[in-house]
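A.B. asks: Sequence:
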Amino acid sequence: MQYIKELKKLGNKISVLYVEDDSDTRKTVLTYLKLIFKEVEDAPDGELGLKKYKKQKFDIVIADILMPNKNGLEMAQEIKDINPMQEILFTTAFSETSYLLEAISLNAGGYIIKPINYDILNELLYKVVQKIDIFRRQKEYEDNLQTLVEQKTSQNMKLEEEKIDNYEKTLLSLVELVEKRDTYTGGHSQRVAKYCRLIAKKMGYSQQECDLLYRAGILHDIGKIETPDAVLLKPGKLDALEYKLIQQHVVTGEELLSKIPMYKELAKIMGSHHERYDGNGYPRGLKGDKIPELSRIMILADAFDAMTTNRIYKPRMDLQKALEQIRSLSGAQFDPKVAKYAVEVLKDIKIDPNIFQLPSTEMEEKRFAFYFQDQTTKTYNHTYLDLVLIQNQANNQFGYLKVIFVHNFAQLNSLLGWKKGDDLLKEIATTLRDKYPNDFIFRLHGDDFVTASNDQTKIDTAIFDELLQKYNNAVYLESILLDIKKYSIASLDTLENILKQ
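Last residue of the sequence shown: 501 (the working numbering), numbering continuous.
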């Protein structure tokens, strides 16, 4: 890089402590650091690193986050207790990014994601070394001309701004990481932030307040970084416990951001974005004016995006219906004043109808299979049948359901055992896949099957005759054909009611 010579020049006056538990990494980086700096010491863990620091102070400490005995964050905190001005850089694996917010709260000079990119390392080292050099020269020339002091102060402020910019990019990366985990969340934060700023501007808030609210909107779901994958990635309805876990993201996000001085105002705003004006929200049950003003705007913006985005079990509302919903919830979920201005400013919003939660990549398909595949027959389960029927109202993908009843299955289990019963179900499923490759096949009620199709030909149970003989004809099959439109089959409940008749 163009400033590598300057880095080496300044490094002749700098001492460095490098703490890393991986011996190969420590050896490689240590060799590199010794090419730049006057003095470089190393340690294999935080405990030994702290001992070396107490014996001999260093200008720069570079530490891995996860280490035995004492991790890098614990070591850094004790070093900061000794010298609050100590310059510290962290190294960390990408999978450990949740620790970075704590690193930021320690006012670290920066961090490097492993495997180490030496261009990024050089850039961070240059900024830190330059900052140290400026600080030393400021002390040395504190009696010099006022213009020189102002010049150096300006340079220091620029470095601080760069560090803030570095933090901003870090948090945006974490938001992006959350959104990559969750199909629905993708783009959600940006849309909420945009709606927040539009409403706030319409309500007469200052540019500074509008920008503050926009940044809070971008970060409002960052707490989902700690939400378990089994909850965050679940493509269906959440049960009561799962819903409580997803609610926790508000508290987690507020706690994470409140640790960073420059994000405390953002934390206050986003920490109330699931409250309700009538006091029935969470996490604190705040009511009316007890909810921060800007949070009341975010509450509505967040809900509006949920209304106008396709979810698996809830098709999106069109714009007019969403605006009517806002009016109807004014004074209940939403601040009436916010609702009034929101309806005015959102009436001209263009909603992308293609924002949807169904899988669009091979990886997402596999995720759906995890939740929706019957483990015995490898067909789809009844939960996915319910989803398909709900979505079929909008996309008319299928016209007919073919139901195959397996009668006397309980007797077969009694005669031949559960394993034989499972084997029969597997073979029935295999036969259905072979004979009807274009149909979606579902297991229903344990021993029955349903296929969704546009073919109006009823399944011929004769195709199973040879198979049933293998099982001593202990069961017999019955098949019926149902016209989805004729019977208005819009959900699993509707289908089950029809089958009971």
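Hints were generated in silico from the structure; no laboratory data involved.
Incorrect hints may appear among the rest.
Stated by the list, open to error - In silico EDC-like pairs for lysine to aspartate or glutamate, Cα to Cα no more than 20 Å straight-line: (1) K13 / E47; (2) K259 / D483; (3) K337 / E242; (4) K27 / E6; (5) K52 / E78; (6) K202 / E293; (7) K340 / D352; (8) K486 / E466; (9) K55 / E39.
Said to hold, decoys possible - The following label-pair restraints were derived from C-beta to C-beta distances: (10) I120 / D211: 53 to 63 Å; (11) I390 / T28: 53 to 63 Å; (12) A394 / D348: 56 to 66 Å; (13) D211 / L48: 40 to 50 Å; (14) E496 / D22: 54 to 64 Å; (15) P68 / N122: 50 to 60 Å.
Yeah, the Cβ is synthetic: ideal placement off N, Cα and C, and Gly gets one too.
A.B. asks: Are any of the numbered hints broken by this structure? If so, which, sorted upward?
C.D. replies: 1, 2, 3, 4, 7, 8, 10, 12 and 15
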